[in-house]
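Colleague: Sequence:
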Amino acid sequence: MPYSTDHLPALPCYLNGEITTLDQARISPLDRGFIFGDGVYEGIAFYGRPGEAARPFRFEQHMARLERSLKETQIANPHTRGEWKQIALDLIAAHPEAGANGPLDWFYYFQVTRGVALRDHPMLPGLTPTVFATCLPLKPPTAEQRAQGVACVTADDFRWKKAHIKSISLLGAVFARQLSYEQGALETVMFRDGFLSEAAASNVWVVKDGKVMGPPKDNLVLEGIRYGAIEEICRAAGIGFELRRLPKAEVLAADELLLSSATKEVLPITTLDGQPVGTGKPGPVYARLYAAYQQAKEATA
Numbered sequence: 015m016p017y018s019t020d021h022l023p024a025l026p027c028y029l030n031g032e033i034t035t036l037d038q039a040r041i042s043p044l045d046r047g048f049i050f051g052d053g054v055y056e057g058i059a060f061y062g063r064p065g066e067a068a069r070p071f072r073f074e075q076h077m078a079r080l081e082r083s084l085k086e087t088q089i090a091n092p093h094t095r096g097e098w099k100q101i102a103l104d105l106i107a108a109h110p111e112a113g114a115n116g117p118l119d120w121f122y123y124f125q126v127t128r129g130v131a132l133r134d135h136p137m138l139p140g141l142t143p144t145v146f147a148t149c150l151p152l153k154p155p156t157a158e159q160r161a162q163g164v165a166c167v168t169a170d171d172f173r174w175k176k177a178h179i180k181s182i183s184l185l186g187a188v189f190a191r192q193l194s195y196e197q198g199a200l201e202t203v204m205f206r207d208g209f210l211s212e213a214a215a216s217n218v219w220v221v222k223d224g225k226v227m228g229p230p231k232d233n234l235v236l237e238g239i240r241y242g243a244i245e246e247i248c249r250a251a252g253i254g255f256e257l258r259r260l261p262k263a264e265v266l267a268a269d270e271l272l273l274s275s276a277t278k279e280v281l282p283i284t285t286l287d288g289q290p291v292g293t294g295k296p297g298p299v300y301a302r303l304y305a306a307y308q309q310a311k312e313a314t315a
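Mapping of the sequence shown onto our numbering: residues 15 to 315, in sequence order.
No wet-lab data here; the hints were simulated from the structure. The beta carbon of each residue, even a glycine, is placed where N, CA and C say it ideally should be. Hints are supplied without guarantee of correctness; some may be wrong.
Unchecked claim - Each pair of labels, with its calculated beta carbon distance range:
id	residue 1	residue 2	range
1	V188	H135	18 to 26 Å
2	Q100	Q192	18 to 26 Å
3	R63	G140	38 to 46 Å
Using the sequences provided together with the hints, build the complete structure.
Modeller: Dropping the structure here:
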């Protein structure tokens, strides 16, 4: 069913120092984020327990990546780490579903653009960055997706070569995700020059003979925060872990394939281009990683 945009919900959002609502928030048409996609973003999961405030998962790592993206794009960071966290807490408190019987887990999305100026390509100095943020209930994968795994398709990675910047210029990812959407699949696993890069909105992991493998951290892949989390889990559990260039043939011959992201956490791919991955069911390495991930979430909450 098509998504209706007739009326945006009056849910809280943050815009340039103020809490407002999505239906009332306004930016200049000359904001460089609107004109050029000139900005960066982050998305952080917040986990909570009954009666306790939600806490961010791997917050310092998210902040470090934000700072790297801002440095790469030469945009000044408009907030301290403490201020970024407080914006999320204020948005959760302002949400109509927040409270004793409300959601425990939240997804904090925020973006920083270079700001407003007459349209010209150079990175003009001295602009005031535009900051927009929301914090909405987190929607994790369904129990069925976890039990059965998900279907994905493959495609060539046709995006730019600065994928390590978490840029709001996401048209390439939109095109890639549309490929899987039109085929009823969850994600598009992409290959650049015959080697695994990532999915449209996830990192991809290959499991073979009990070892977890992923692409190297370079300019061709956005280093997801779960890169570090999965490596730590593997080390603690005695699971082999390796980052290297992975040819498509190895990916297609994997025992297990996994997706990772803030909202998916760790999720098994059991069908790729209509063919089963491994046994066609979620595998034992996925089960161990998922269980350890839940423990890490509990420790955060």
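Colleague: Please check whether R63 and G140 have a Cβ separation lying inside 38 to 46 Å.
Modeller: 45 Å Cβ-Cβ, so the 38 to 46 Å window holds.
Colleague: Okay, Q100 versus Q192 on CB: inside 18 to 26 Å?
Modeller: For Q100 and Q192 the Cβ distance comes to about 36 Å; the hint is violated.
Colleague: Do the beta carbons of V188 and H135 sit within 18 to 26 Å of each other?
Modeller: 22 Å, holds
Of the hints listed earlier, the one the structure fails to meet is number 2.
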